[in-house]
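Residue numbers (our numbering), protein chains in the order written: chain A, 149 to 241; chain B, 149 to 241.
These are computed hints drawn from the structure, not numbers from a lab. All values reported here derive from a predicted model rather than from experimental measurement. There's no promise every hint is true.
Identical copies go unnamed one by one, so any copy, or any two together, can satisfy a pair.
Below are the DSS-like pairs computed for lysine-lysine, each with C-alpha atoms no more than 27 Å apart in a straight line [claimed, not checked]:
(1) K201 with K225
(2) K201 with K180
(3) K180 with K213
(4) K201 with K161
(5) K213 with K224
(6) K161 with K225
(7) K161 with K213
(8) K161 with K180
(9) K171 with K161
2 protein chains.
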Amino acid sequence: MICRVRTQSNSPKLKAKVYITLKRGVLDPQGKATEQALTRLGFRGVEEIRQGKVLEFQLSESDPKRARAELEEMCKKLLANTVIEDYSIDLDE
Amino acid sequence: MICRVRTQSNSPKLKAKVYITLKRGVLDPQGKATEQALTRLGFRGVEEIRQGKVLEFQLSESDPKRARAELEEMCKKLLANTVIEDYSIDLDE
Numbered sequence: 149m150i151c152r153v154r155t156q157s158n159s160p161k162l163k164a165k166v167y168i169t170l171k172r173g174v175l176d177p178q179g180k181a182t183e184q185a186l187t188r189l190g191f192r193g194v195e196e197i198r199q200g201k202v203l204e205f206q207l208s209e210s211d212p213k214r215a216r217a218e219l220e221e222m223c224k225k226l227l228a229n230t231v232i233e234d235y236s237i238d239l240d241e
Numbered sequence: 149m150i151c152r153v154r155t156q157s158n159s160p161k162l163k164a165k166v167y168i169t170l171k172r173g174v175l176d177p178q179g180k181a182t183e184q185a186l187t188r189l190g191f192r193g194v195e196e197i198r199q200g201k202v203l204e205f206q207l208s209e210s211d212p213k214r215a216r217a218e219l220e221e222m223c224k225k226l227l228a229n230t231v232i233e234d235y236s237i238d239l240d241e
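Chain A with its partners taken away, still in its complex shape:
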């Protein structure tokens, strides 16, 4: 999990990014299609592409600890399918 913390003194509210990616070994047809399209366009330097989602949050929460805990719960309950997907939370203070 990556966590970068930046200070913004004028705003107590938090921003966060949540990355949702397929676990290793899970087939990724979207990534495969992009790979093939790039090859057809003449880009030879691509070996593999895996496609995922990024969700940019504007939170009303101002406490980083509580915000992270809430985001973890959101990931488990709705945002990620933890059988086939991994998630990571990147909190900006």
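With chain A's structure known, arrange chain B on it following the hints.
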């Protein structure tokens, strides 16, 4: 543009992440739907969500400068619709 560089001495090949997000002001129905679903589940701390894509590249290129230039071109030609989307490239050495 965010660029984090990490050294992996055992591999000359590069990895990169490309983030594609909607420009400010462009309507994001996917993000809105996620927002509403989270609110229905009882998460009150979400003010806004914007949804984007992340593409994880395994490149055969080993020169960071050339790799970045190639990725820029891929974004402009195929990966991002630059009328409504922004992209950023995060290269891992």
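Violated hints, by number in ascending order, as checked against the structure: none
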